Amino acid sequence: MATPAARRGERLAPYVLVAPAVLTIVVLRLWPLLLGVNFSFTGDGERDGTAVGVDNYLELFRDPLFQGALGNVALLVLLLPVAVAIPGLIATFIYLRVPGHRLYRSVYFFPAVLSPVIVGAIFNLLLAFDGPVNAALAAVGIGRIDWLGDPDVAMFTVVGVHVWATFGMALVVFLAGFATLDAALLDAARVDGASLPQTIWHVIVPSLIRTIQFVFVTTMVGMLTSMFGLLYVMTSGGPEGSTYLPEYYIWIQQGQMNRPALASAASTVLFLIMLVVGMLQISLLRRAGRED
Amino acid sequence: MSRFRLARWVVAVPMALLALATIYPLVFTANVASKTRREYILDRFSLAEAVRVENLHTAWSSVGMGRYFVNSLIVVTFSVVLLLLIGSMAGFALSQLRFRGSSMIFLGCLAALFVPFQVIMVPLARTMADSGLIDTYPGLILAYVAQFLPFTVFLMTSYYRTIPPEIVDAARIDGNSVYGVYRRIMLPLGTPALLSVGILDALFCWNDVLISLLMMPSAENRTLMVGVTSLRGQYSDDIPTFASGVLIAAVPVLVVYLFLQRQIADGVAAGSTKG
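From first to last, the protein sequence lines are chains A and B. If you're matching positions, the first sequence starts at 1 in this note's numbering and goes up one per residue. If you're matching positions, the second sequence starts at 1001 in this note's numbering and goes up one per residue.
Careful: at least some of the hints might be erroneous.
Sample of chain B residues facing chain A (criterion: CB under 8 Å; computed from the structure) [stated by the list, open to error]:
| # | residue |
| --- | --- |
| 1 | Phe1069 |
| 2 | Ile1074 |
| 3 | Ile1086 |
| 4 | Ala1112 |
| 5 | Val1145 |
| 6 | Val1255 |
For the record, the hints were derived by calculation from the structure and aren't laboratory data. In this text the structure is predicted, and so the values were computed from the model without any measurement. Glycine included, every Cβ here is placed at the ideal spot set by N, Cα and C.
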């Protein structure tokens, strides 16, 4: 039989196994979160380390760049349904076995594995003022568009490229959702003579409501936290600060302006936005759970 | 019935156009990479007159892409090995062993999943600087492990939950310690999940630019993706060489994708359905 020492070792084993994970997550994820919130109430530069109350937050919300960043967040929220509908529709068509569906799945997914930096660099070439996209537009008689140089256009351009690069991820998630769909429902719709839009609206959307919600939240989170590479390479926040997002603002204040406390305040605001998104997800999922 | 079939052909056209729009940017870049500067300036669309590797060679050697490549390789390898080790240990314990606090720990991992890097990057950079880890391999590796561990633990736990507890019980009766069960049973059984999660973690680390920019400020420590961003400044008037550098950075990922796309897609799908 095992000795008492060995038995104690066995009892402690689960803790030993989770210890590295717990330590890493607490020390390098959760603790910095608290440090950051605390830090956002202290000063930068000469006032380093001293408590300044909500000064950073006041400065933040007065800064036109940060206001612009928040405005862009609102724009992303408005564009969100489009960014979800595109992969959703494509997944539906693939599920319904459009000619070539086998090939499309792997073709569409492929940009999702490329780094935003590579995607951004490629689109810098394509969207240059004298680049191929404008040349193609000119060929069909449309004037050139300054995709990345016009403040009214640039943010839409970057979001468009982001959607191009990431819709494959959402597509795969939708297809996983379709795998759980009851095929008998679709057959019934066909027998009843439902059109394609009717089938989508009355059969597919209600059956996939959880997947749709999941994609909504992950797409939103992706737009808020993984466009840094694109912004960094494609626009650097310009022109005229029109392509700032909170994440880029944090980077600039921390890395370029040497304003870590102000950056922390912006981080805290971003975290609150993420929290609202997360809460929204939970409440949506709860409601969906009750409907089941 | 016929209406359905017709609709399928109607959408086939935009689907094919979209596939073209997905592939074309990369084909364009590869074509540009093969051109001379003169060829590029004269006509952007035409096929390159010949397949040339000079530009690739220039891009590789002149801005230290080789060095950046090795930096990325080292950092990604260590990060993924550590992620899989720590993640599978925790996943096994959280799914198969009963102990006080396990559900709290799992919830903590889930919570950490919702903390984006941008939110903690300022204090993390400070902590790393205070511990002398800024601008070192271990510092960046630690940052990557911290960033992708919640996801790894979450997926490994979900996967190990599908393994019947009887297997663990039987192995224990045969005289294995808990650690023996982990090493002899759980690690081998977890191979499919380790592969999927490992590829995803490797892609995340390889493709990252923000964490790497923050943790590795000095030029010689750049990872490949940060190196790509510095190419543009260097070759703003030599687009073919710039395109070559971009291509060099994209090729490893494309190769991985060609061989392992099923595992990558499965990993993404698992992350969505197990929630």
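Legend entry - Hints that the structure is at odds with (numbers, increasing): Violated: hints 1, 2 and 6.
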